[in-house]
Amino acid sequence: MTEVTLPARFDGLEMVRGLRLPARLEFTYTAGQATTRFLTHLAEKRIVGQRCPSCRKVYVPPRGACPTCGVPTTDEVVLANTGTVTSFCIVNVAFYGGSMELPYVSALILPDGADIPLMHLIQEIPAADVHMGMRVEAVWVDEDADGRVPPSLESIRHFRPNGEPDADPATYADHV
Amino acid sequence: MRDIAIVSFAQFNSPIERQRNEVEMIMPVVGEVRDRISITKDKIDFVCSGSSDYLAGVPFSFVTTLDAVGPWPPISESHVDMDGAFAVYEAWVKLQMGKIDTALIYAYGKSSPGDIRRTVTRQLDPYYLGPLWPDMHSIAALQARQLLESGQITEADMAEVAARSRAAAAANPHAVVSGTESAEELLAAPRTYDPLRAHDCPPVTDGVAAVVLAAGDVARELCDRPAWIRGIEHRIDPHALGVRDLTRSPSAAAAAKAAGVADGTVDVAELHAAWSHEELLLRRELGLGDDVDVNPSGGALCANTMMATGLIRMGEVAERIWAGNADRGVAHAASGPCLQQNLVCVLEGE
Chain Z
1 MTEVTLPARF DGLEMVRGLR LPARLEFTYT AGQATTRFLT HLAEKRIVGQ
51 RCPSCRKVYV PPRGACPTCG VPTTDEVVLA NTGTVTSFCI VNVAFYGGSM
101 ELPYVSALIL PDGADIPLMH LIQEIPAADV HMGMRVEAVW VDEDADGRVP
151 PSLESIRHFR PNGEPDADPA TYADHV
Chain E
1001 MRDIAIVSFA QFNSPIERQR NEVEMIMPVV GEVRDRISIT KDKIDFVCSG
1051 SSDYLAGVPF SFVTTLDAVG PWPPISESHV DMDGAFAVYE AWVKLQMGKI
1101 DTALIYAYGK SSPGDIRRTV TRQLDPYYLG PLWPDMHSIA ALQARQLLES
1151 GQITEADMAE VAARSRAAAA ANPHAVVSGT ESAEELLAAP RTYDPLRAHD
1201 CPPVTDGVAA VVLAAGDVAR ELCDRPAWIR GIEHRIDPHA LGVRDLTRSP
1251 SAAAAAKAAG VADGTVDVAE LHAAWSHEEL LLRRELGLGD DVDVNPSGGA
1301 LCANTMMATG LIRMGEVAER IWAGNADRGV AHAASGPCLQ QNLVCVLEGE
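The listed protein sequences correspond, in order, to chains Z and E. According to my numbering, the first sequence is numbered sequentially starting from 1. According to my numbering, the second sequence is numbered sequentially starting from 1001.
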């Protein structure tokens, strides 16, 4: 730190080297209409996207807007609980707050019927065996007495191989 | 200098927007500002936005809201962490460079998700004033107190501003507050942030505004009577309140002089005066006479969409020029505590 010369009357005073000034603000987050619908469907174990009325692409999770056309997306599309791995990462390094056992696989999964992949976990298979084009299905957390799960993407515990043969690369070439 | 005009304007203001997130709130306004002049997304050369992540409490929320304008394939785009009026300034500079002919500017803010009075304290210096968390109405009250005690204004003057603004807002479908009380009736209310009363303070507002700028003949094609920007300047006073004379706003006066406010008759002025005493101060600093129609929309006292209030002032003046109700007008935008930063824009019809 640069030394400064202070007037004589400050002789013997301890220099202030730092200040700790905690700040806290609280907010009520509005998920929005599209995300609210997505979460509500998740509680009933359905993955729902929205289709752009202009370019016909299906976005998941829906944001209520098509980023290509800049128009509202209003048509809901119920997607399959199955999809294709388009890309993945084997995580070998722990990070602060992480609760996963190492190594684990985080992947981009293109749900059947969607035009954009979701990020989620791949489990029930050795990490070294995960590959692009692998067909997977959602594994949901346990239902409550009414057959519902919490309205959260965490209600999908993970995805696992569903035993189907690998997808033709042409079916996901636009998503890698 | 190129001739550049405001050719379209749209806005949405609400006391609280509970259902829609920012993207869902912005999209219809951006659609409306394009549809009003039948311009399509591909004919917009540049997009500039104004917002503050502190309002939503979401880092980089301004990036996610780009979905509202259709940013793919990649568009030419920029953002200011300021009122949208300052985004207009950036777009105006870019238009002056001559490579583009159109620009879309949007600004938005939701004050309702947090406690706006506390959120705004984060613009104060972090060592001395910020840690005291002085809410925004109390900071404004310091300025009102100094103006009152210096004898330059009275509480009755402030109530007159509020009464006139609230009456004007009754004719503005975008205002969230209006009223028919006389100044005397307003003065009977208790002081909430002494010396301020509730009517001296802006309402919590969630909203969006957008304008389209165009240059030269492109502007003439898009609009029968473009609102030409004849001057646009902004100036800044020191940040620390303790080193300023709060009865003055030298930066507002300097911006008005540089923008050429005094070079012609002013028919209408829309001032970003979120507290009633600020209008009285700004009238003087901008050199506006008693014959100027000030804040015919009701102004920020009747709808204060943070980060868009200044942009709305520009749009309100432009609309009056398009309609032929005014030939020359002044739009003012402010930022920072106690009118620290000021932008002045002179708009003219042909």
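Don't read these hints as lab results, they were simulated from the structure. Treat each hint with caution, since some may be false.
Capping the alpha-carbon separation at 27 Å, the derived lysine-lysine pairs in DSSO-like fashion look like this [what the hints assert, rightly or not]: (1) Z:LYS57 x E:LYS1094; (2) E:LYS1257 x Z:LYS57; (3) E:LYS1257 x E:LYS1094.
Far from chain E, by Cβ distances over 10 Å, these chain Z residues were calculated [said to hold, decoys possible]: (4) PHE10; (5) GLU14; (6) VAL71; (7) ILE125; (8) ASP144; (9) LEU153.
All values derive from a computational prediction rather than experimental measurement. The beta-carbon is built from N, C-alpha and C at its ideal position, and this holds for glycine as well.
Evaluation of the provided hints:
no.	hint	in the structure
1	Z:LYS57 x E:LYS1094	33 Å, violated
2	E:LYS1257 x Z:LYS57	52 Å, violated
3	E:LYS1257 x E:LYS1094	23 Å, holds
4	PHE10	18 Å, holds
5	GLU14	17 Å, holds
6	VAL71	7 Å, violated
7	ILE125	33 Å, holds
8	ASP144	27 Å, holds
9	LEU153	17 Å, holds
Checked against the numbered hints listed earlier, the structure breaks hints 1, 2 and 6; every other hint is satisfied.
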